[in-house]
Amino acid sequence: MKSTFRRYLVLLSVALVLMACNNEGVASFSPANDRVAVITNTQHLYTSNPQGGSVVKIDTAQIFTGFDVSFDPFGTKILYATSSGLCYVSSTGGSRSCPASLPSGVISGFLSYIPSGEFVAAYQASGGFTMVVYTASGTATQFQPNIDQFFVAADAYKVKRGTNGEEWFVKPFNKPSGAQSLRWVVLKGSQALLYTAAGTLTGPTALPRQISSAVRDVLSARVVKDITSGAVSPDGTKLVFRTKSGDSNYALYVLDLNTNSGSFVQLVSGASFRILYAFSPDSQQVVYESNDGGRSVWIANADGSNPRKLADNASMPEWH
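If you're matching positions, the sequence shown starts at 16 in the working numbering and goes up one per residue.
Hints were generated in silico from the structure; no laboratory data involved.
Here a beta-carbon is modelled for each residue, glycine too, at the ideal position from N, C-alpha and C.
A few of these clues could be false.
Unchecked claim - Here are the computed distance ranges between Cβ atoms for each label pair:
#, residue 1, residue 2, range
1, 107, 227, 46 to 54 Å
2, 235, 320, 23 to 31 Å
3, 158, 111, 20 to 28 Å
4, 321, 275, 18 to 26 Å
5, 105, 238, 30 to 38 Å
6, 110, 308, 53 to 61 Å
7, 89, 158, 19 to 27 Å
8, 67, 205, 44 to 52 Å
Stated by the list, open to error - In silico PhoX-like links for lysine-lysine, alpha-carbon gap of 20 Å or less:
#, residue 1, residue 2
9, 259, 240
10, 203, 240
11, 92, 72
Make the full structure from the sequences, and use the hints.
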């Protein structure tokens with residue numbers, strides 16, 4: 016246990032040092048935690064070992080720092096975005112390929128390998144958001160244009176320290192030993208569509224919830240470019256999302272996707288701080304910050320029912 020903890024501290028320390036000297040804090044660990052990929056302040060891509068040695072310059076292109084950097088499930092390739100489009104390269108350098116293009120003007124979005132070796136991209140362009148799933152060679156197999164909202168399962172990413180939560184890194188998928196899957200939900204008009212990537216990709220699966228105009232009105236105040244402003248529960252049945260109005264007026268809502276009646280609950284309103292939250296691993300509960308009596312931590316059922324306070328003068332709840 017002590018050895019594992021020491022290893023974690025080394026990895027965390029290296030990541031923090033690398034993030035401190037790069038442009039946007041864009042970083043990614045390989046599935047085996049033996050390589051770290053970072054983008055420098057000159058927007059070039061490097062990898063190193065967890066101790067900061069064996070540095071390899073992967074790409075000298077101008078990398079889009081608004082996209083994620085993602086290792087493939089085997090740790091052999093690195094996926095990233097440039098002005099040339101979506102590119103991947105060997106994790107030791109070389110064999111660069113950019114098989115998928117991006118529309119003009121796109122400079123940010125969500126980008127990740129999934130357990131099957133395919134990859135998913137979601138980005139904002141004219142006419143709304145677009146989500147595309149590509150094969151490992153860059154052929155589009157799923158295409159959803161003009162989507163309104165894009166939510167990722169909260170266990171798929173980790174918020175970066177010191178970025179006010181508006182940046183994150185995608186957790187790596189370890190194949191073949193890992194059983195981790197990735198789920199995401201897109202909202203398009205009145206539809207809620209679920210995708211699940213666990214070995215092979217399934218979806219889109221239409222969920223029972225019809226997104227009403229009232230829900231869409233509330234969602235319009237979500238900061239959509241910030242992935243961490245909303246999340247899907249691990250089982251794909253609930254949404255929690257944070258809205259913002261003005262300089263610092265935050266609210267928090269939960270939405271049950273498994274039913275089409277009720278179960279749209281506002282948990283927090285009028286908070287002067289960016290509300291943090293987390294689903295339980297079994298998707299049955301959500302823990303969150305509230306401005307009730309100052310700053311406090313509460314817990315509720317994942318559909319928003321039975322809210323109760325856990326602690327006063329507390330913050331940053333997280334499940335382990």
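For each hint, the structure was consulted:
1. 107 with 227: 46 to 54 Å: At 51 Å between Cβs, range holds.
2. 235 with 320: 23 to 31 Å: holds, 25 Å
3. 158 with 111: 20 to 28 Å: For residue 111 against residue 158, whose Cβ atoms are near 25 Å apart, the range 20 to 28 Å holds.
4. 321 with 275: 18 to 26 Å: holds, 21 Å
5. 105 with 238: 30 to 38 Å: holds, 35 Å
6. 110 with 308: 53 to 61 Å: About 57 Å separates the Cβ atoms of residue 110 and residue 308, which means 53 to 61 Å holds.
7. 89 with 158: 19 to 27 Å: holds, 26 Å
8. 67 with 205: 44 to 52 Å: holds, 50 Å
9. 259 with 240: holds, 13 Å
10. 203 with 240: holds, 16 Å
11. 92 with 72: holds, 14 Å
Hint check: no violations occur; every hint is consistent with the structure.
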